[in-house]
Amino acid sequence: MKTTGEVLREGELEKRSDSLFQLWKKKRGVLTPDRLSLFPAGPGARPKELRFHSILKVDCVERTGKYVYFTIVTTDRKEIDFRCAGESCWNAAITLALIDFQNRRALQDFRSRQERAAPAATPEPQTACAP
-13 MKTTGEVLRE GELEKRSDSL FQLWKKKRGV LTPDRLSLFP AGPGARPKEL RFHSILKVDC
47 VERTGKYVYF TIVTTDRKEI DFRCAGESCW NAAITLALID FQNRRALQDF RSRQERAAPA
107 ATPEPQTACA P
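Numbering of the sequence shown is given in the numbering used here, commencing with residue -13 and proceeding in unit increments.
Since the hints were made in silico from the structure, they are not lab data. Wrong hints could be hidden among the right ones.
Said to hold, decoys possible - Below 27 Å or equal to it, Euclidean Cα-Cα: the simulated DSS-like pairs (lysine-lysine) are:
id	residue 1	residue 2
1	LYS43	LYS11
2	LYS64	LYS34
3	LYS34	LYS1
Claimed, not checked - Computed Cβ-Cβ distance ranges for the label pairs, DEER-style:
id	residue 1	residue 2	range
4	LYS12	VAL47	18 to 24 Å
5	GLU73	ASP4	26 to 32 Å
6	ALA71	ALA103	47 to 53 Å
7	GLY(-9)	ARG97	19 to 25 Å
8	VAL59	GLN94	19 to 25 Å
9	VAL(-7)	GLU48	22 to 28 Å
10	ASP62	GLN8	18 to 24 Å
11	GLN94	VAL47	39 to 45 Å
12	ALA27	ALA92	33 to 39 Å
13	ARG63	PRO26	24 to 30 Å
14	ALA103	LYS64	33 to 39 Å
15	VAL47	SER98	20 to 26 Å
All residues carry an ideal CB built from backbone N, CA and C; glycine is no exception.
Using the sequences provided together with the hints, build the complete structure.
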């Protein structure tokens, strides 16, 4: 599926680490129509890419104090925890971008099925036979 390099949202959010202590690490997030890229705080590090085709849903949204906590669930059922400042609305932006991606993919799949079925559905021309 083709998408432009359009940036829908950019800013800071925090990802919970997978380590024993599960510390929150600041990331610079870049949301595009087909992925969420997470850049580490240090310079020169490679971003982690969460492509929407591998994301099932945004789940467990909870607001406490100054943070909003949410979980991204991947298609292999892995859960990735995030938090962001309450006014930043990262969870809503990611959810809307994911729904838009899923709608575009569903429409593309539907059109592909229609195109494949169209040649089979057209009747072959019949020649007239004289009695």
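Hint check results:
1. LYS43 to LYS11: Between LYS43 and LYS11 the Cα gap is close to 22 Å, so the pair holds against 27 Å.
2. LYS64 to LYS34: With a Cα-Cα distance of about 15 Å, the restraint between LYS64 and LYS34 holds, given a limit of 27 Å.
3. LYS34 to LYS1: 11 Å, holds
4. LYS12 to VAL47: 18 to 24 Å: 20 Å, holds
5. GLU73 to ASP4: 26 to 32 Å: 28 Å, holds
6. ALA71 to ALA103: 47 to 53 Å: Given a distance of about 49 Å, which is inside 47 to 53 Å, the answer is holds.
7. GLY(-9) to ARG97: 19 to 25 Å: Cβ of GLY(-9) to Cβ of ARG97: about 24 Å, so the range 19 to 25 Å holds.
8. VAL59 to GLN94: 19 to 25 Å: 23 Å, holds
9. VAL(-7) to GLU48: 22 to 28 Å: Once the Cβ atoms are compared, 27 Å apart, the range 22 to 28 Å for GLU48 and VAL(-7) holds.
10. ASP62 to GLN8: 18 to 24 Å: With a Cβ separation near 20 Å, ASP62 and GLN8 satisfy 18 to 24 Å, so the hint holds.
11. GLN94 to VAL47: 39 to 45 Å: Given range 39 to 45 Å: violated, Cβ gap about 28 Å.
12. ALA27 to ALA92: 33 to 39 Å: 37 Å, holds
13. ARG63 to PRO26: 24 to 30 Å: The hinted range 24 to 30 Å holds for ARG63 and PRO26, with Cβ atoms some 25 Å apart.
14. ALA103 to LYS64: 33 to 39 Å: Holds, at about 36 Å.
15. VAL47 to SER98: 20 to 26 Å: 33 Å, violated
The earlier numbered hints that this structure contradicts are 11 and 15.
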